[in-house]
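Single-letter residue listing:
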Amino acid sequence: MTGMSQMSHDLSYLIPEVIVLIAGGGTLALEMLRLPRAALAFAIVGLLLAACLTLPLLGVDTSVFGGTFRIDTLSVWAKLILLPSTVLSLLLVRAELAGSDREGTVYSLLCFTTFGALVLAGGGDAMLLVLGVLLSSLGAFALVAYPRNDAATEAAMKFFVFASVTGSVMIFGLTYWFGATGSTLLADLAHLDKAPLAAAVGLVAVITGLGYKASLAPFHFWAPDAYEGAPVAVAAYLSVVPKIGAIFALAQVVRDLPSTTGWPLVVASVAVLTMSWGYLAALVQDNVVRLLAYSSIAQAGYFLLGIVAVGESPLAYSSLVVFAAAYAAMNLGAFAIVQGTGRTLDAFSGMARTTPVAGIAMTVFLISLVGIPPLAGFVGKFLLFGAAIDAHFTWLTVVAILNSVLSLAVYLRIIVPMFRSGGDEGEGNVIPPRGNAPLIIAVWVIALMVTVGLGFAGQLILATVARA
Amino acid sequence: MLPIVSMTLFLPLLGALLVMASRNASARVVHGIGIATSALTLAGALWIWLRGVQPGAFAQVEQVDWMPTIGAAYRVGVDGISLPLVLLTAVLFLLTFIFSAKVRDRPHAYVVLMLMLETASIGTFTSLDALLFYVFFEVSLVSMYFMIAGWGYEDRQRAALMFFIYTLLGSLPLLLAILGLYLGSDPHTFDMRVWIAHPPLTGLAAMLALVAMLFTFAVKTPMFPFHTWLPVAHVQAPAAGSVILAGVMLKFGTYGLLRFALEMTPVAFRDAAVVILVFGVFSALYGAFAALAQTDLKRLIAYTSVNHMGYVIVGVAVAALATSPAVRAIALDGAVLQMVSHGLVTGALFFLVGMLQDRAHTREMDRFGGLLKYVPLLGWSFVLAAFASLGLPGLAHFPAEFQIFLATLRVEPLALIVILGIVVTAGLYLRAIGKVFSGAPREQWATMPDLNLREVLVLAPLLALIVAVGVAPSWVLDTVHRTTAALRF
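Chains A and B, in that order, are what the protein sequence lines are. Numbered as in the numbering used here, the first sequence ends at 632 without a single skipped number. Numbered as in the numbering used here, the second sequence ends at 496 without a single skipped number.
Hints may contain errors.
Said to hold, decoys possible - Listed next, the stretches of chain B that the computed footprint assigns to chain A, with coverage defined by at least 3 CB atoms under 8 Å from CB atoms of chain A:
#1 72 to 78
#2 176 to 186
To be verified - Facing chain B, a subset of chain A residues (Cβ under 8 Å, in silico):
#3 Leu178
#4 Leu361
#5 Pro537
#6 Pro538
#7 Ile553
#8 His556
#9 Val569
#10 Leu572
#11 Ala573
#12 Leu576
#13 Gly622
#14 Leu626
As the list claims (entries may be wrong) - Anything over 10 Å on all C-beta distances counts as not near chain B; from chain A, calculated:
#15 His173
#16 Ala193
#17 Ser433
#18 Ala445
#19 Ala511
Derived by calculation from the structure, the hints in this document are not laboratory data. Bear in mind that the values here come from a model prediction, so they are computed numbers and not experimental data. Glycine included, C-beta positions come from ideal geometry on N, C-alpha and C.
When you get a sec, could you build the whole thing from the sequences and use the hints?
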């Protein structure tokens, strides 16, 4: 095959990514023309088109550009999950920031950040990991800082400093891997078993870099502050899209990493720390956005149960993908309701009586986050537990299960006031809908359908993963 | 063949959707839908009963693919152990709906939750797929949480929270055990029939799975020392919630003990049977003595549940220890019948306490006296149910407990110390009847109205069934025995 036709062959697999880039660029151009609505429409159409064009890739397992980018279960499903999630985030942003200065730049930044997350999820090369982290971070700083008030600026600053340090550590550690294997390809990590020290340094560094992105403890400190300072819609986006990208990237790394490096135990320890820290911290939050931030930290720990099983259990990939889809739906849904209701726990008081449908929807999202059947979160966590036990990490599953009990206490802190009778005094705190409430409702209705539907139709995803 | 099991299972859910769709309907209409749906469900359960069970296998199995990739499917069916419990569930729910027809506080949500609970309960008993079982098991938990939190008494939020967290903590080990059994089966499947026919785990793995399951079912049953949630939840739950909680949901624990622990890890269960027996005996005695110390009628009945469910655990443990199939069948017949009897008797008692509380707004025994004079129907109903509860021959508990004790005598005579529980419950019920219904009448209750038509409609079928099971238990036992006699493990 000549170089040229190899190139076009490779590019044909990257059509979705290219379209996302075009969507981001076009959106920016339309914003310069001061056409925010057109920018929004362009971004949405582009992302949905990219998602549709990903469908034929289901079941493909190959790599392009000499193995540096992988087209496999994880990267294909990352597109199918993250692109619609970005569209929902765009709607939430529109509802929150419509009419504000430079609104269109937010849409454009969301597209570019999602592109970074997609690069992460399919990364087959250490350089691509760095690129992905940078791409998804640069846009995120600006997104957090967008409101240009003190809180947002401070949040973005913390976020930026944290990202710079962890990013540098990651690059530093990756040089050890490069030195030991003579290649930046992740597929060559298999040679690392001869260089245990280099392997260990690199492993810690990669977990630091990706752990920050996925908000794994102890690299999560930026998340609650950033989410709190940012617009709620941006917090919703950050808690879903870059996080799933980074988790999938971690799965790509450990796929070829020899288990003699001890990575499964390291990842399992991080999982324990992340789940427990996240939920314990969430127990004392009074701000719902901060509570959901800590909850999303803890949920990241659950993802790691699928990571430890990579290479050990056939359930590993299916559990990661199903839980990613479930997590995206229930978390976006919960944030959407928060955006429409208010950031304090008081705002939820008596909600089940004042706006019963939204109250029930919120209950469904939170109960799904706990992992109670028959909702999507249950199917995801169930598969994760199965994968971890299959990989002989039963003790980790026990810890995860105990954390699920703790999580019930966390989420009941929102559910209980919603159903409290006579809690109408909270009504004064409810943020009046800003004329874009239909958009918010549309988002949580879609999320609700996925959260309930995926509980029954997990087979839709499982079938494609099994084929791959 | 009509898929009658599935139709019965999902009828309540259909009713719930109907109620949700008719948001502007009046409370009367909503309760009407609830009663009609649960009556149809009872008809469905009777239909399943008429079709009957077969020895050595599950009958009336209905199956649809769900997640074939991981070996999960929608599989339902019945055998002699689950079928009586399905019928009991359908009866109790119908009566509960009739009893609750007075609820005027958010009737829509109330009926929807109760109907969801009914589907979840029937589903728990009819599931033949472990994943499906777990789904129904947990949905029942969530529905009951909202039931207690929404319509309970003074301290309902705390009680509901305790119930939810305690039983979720209790049920998650079951998930571990299910995953263990799943990964141990080859090819991987969640089909409970396969797990029963060829127990997937052996040795230490089987013992660990058994311990996890025992924890789950001990919390649910509840068995000492995991029973502490029960009195709190019962006292705060609305009367209808208490009836379902005690009459139906406690059986999830003993049903699971039988279906999962005994049938899927039989060897490990036999090894641990003596320990389980000791716990059962202790739980039964503890429940009886704890009940003796209560002054609140509802707490008293809640603790007698611990006592009665303890006998079921004794029956199952004795069955595991028994070497002769005949003795084993006697023990299991007794255990299953005990579940049915307890559902009927405790259901009646909780209804009666609820009716008393509606009238007097108190449940303290000391505040009553001589009520037989003012409310003879209510009083005599209570006396009958209480006599049934203390195990009087001719009433529902007697044939069940008799068989359990008979098998115990043959297998482990020392364990017969548990009979002491009967003496204690007899004492405490006589004391309760003496304080509340006989003795010197108190003027303040002179205007208390006796049972109205709705309440008679609720109680009459239950009391008739209590007598029917007590006098001629064979109409239930024949079905049970067909399965228990063919069990091989």
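Structure-based check of each hint:
Counting residues of the stretch 72 to 78 of chain B whose beta carbon lies closer than 8 Å to any beta carbon of chain A gives 6, which reaches the threshold of three, so the coverage claim holds. With a threshold of 8 Å between beta carbons, the proposed coverage of the stretch 176 to 186 of chain B by chain A holds, since 6 of its residues qualify and at least three are required. For A:Leu178, the suggested interface contact is broken, since its CB lies about 29 Å from the closest CB of chain B, more than 8 Å. A least Cβ separation of about 35 Å between A:Leu361 and chain B goes past the 8 Å threshold, and the interface hint is therefore violated.
Restraint check, A:Pro537 versus chain B: the minimum CB separation of about 4 Å is within 8 Å; hint holds. Hint on A:Pro538 holds. Least Cβ distance to chain B is approximately 5 Å, under the 8 Å limit. Checking A:Ile553 against chain B by beta carbon gives a least distance of about 5 Å; that is within 8 Å, so the hint holds. Taking 8 Å as the C-beta cut-off, the interface hint given for A:His556 is violated, the closest approach to chain B being about 10 Å.
Interface restraint check for A:Val569: the shortest CB-CB distance to chain B comes to about 5 Å, inside 8 Å, so the restraint holds. With a least beta-carbon distance of about 5 Å to chain B, the hint placing A:Leu572 at the interface is held under the 8 Å criterion. The interface hint given for A:Ala573 holds, since its Cβ lies 6 Å from the closest Cβ of chain B, which is under the 8 Å cut-off. The beta carbon of A:Leu576 comes within 6 Å of a beta carbon in chain B, closer than 8 Å, and the hint placing it at the interface holds.
Contact between A:Gly622 and chain B, as hinted, is supported at the beta carbon level, the nearest pair being about 5 Å apart and thus within 8 Å. Given the 8 Å rule on beta carbons, the hint for A:Leu626 holds: about 4 Å separates it from the nearest Cβ of chain B. With a least CB separation of 31 Å from chain B, A:His173 remains clear of the 10 Å interface cut-off, as annotated. Listed as a non-interface residue, A:Ala193 keeps its Cβ farther than 10 Å from every Cβ of chain B; the least gap is roughly 44 Å.
No Cβ of chain B comes within 10 Å of the Cβ of A:Ser433; the nearest lies about 20 Å off, and the non-interface call holds. No beta-carbon of chain B is positioned within 10 Å of the beta-carbon of A:Ala445; the least distance is around 19 Å. At roughly 19 Å, the least C-beta separation between A:Ala511 and chain B is larger than 10 Å, which holds for a residue marked as non-interface.
Violated hints, in rising order: 3, 4, 8; the structure is consistent with all others.
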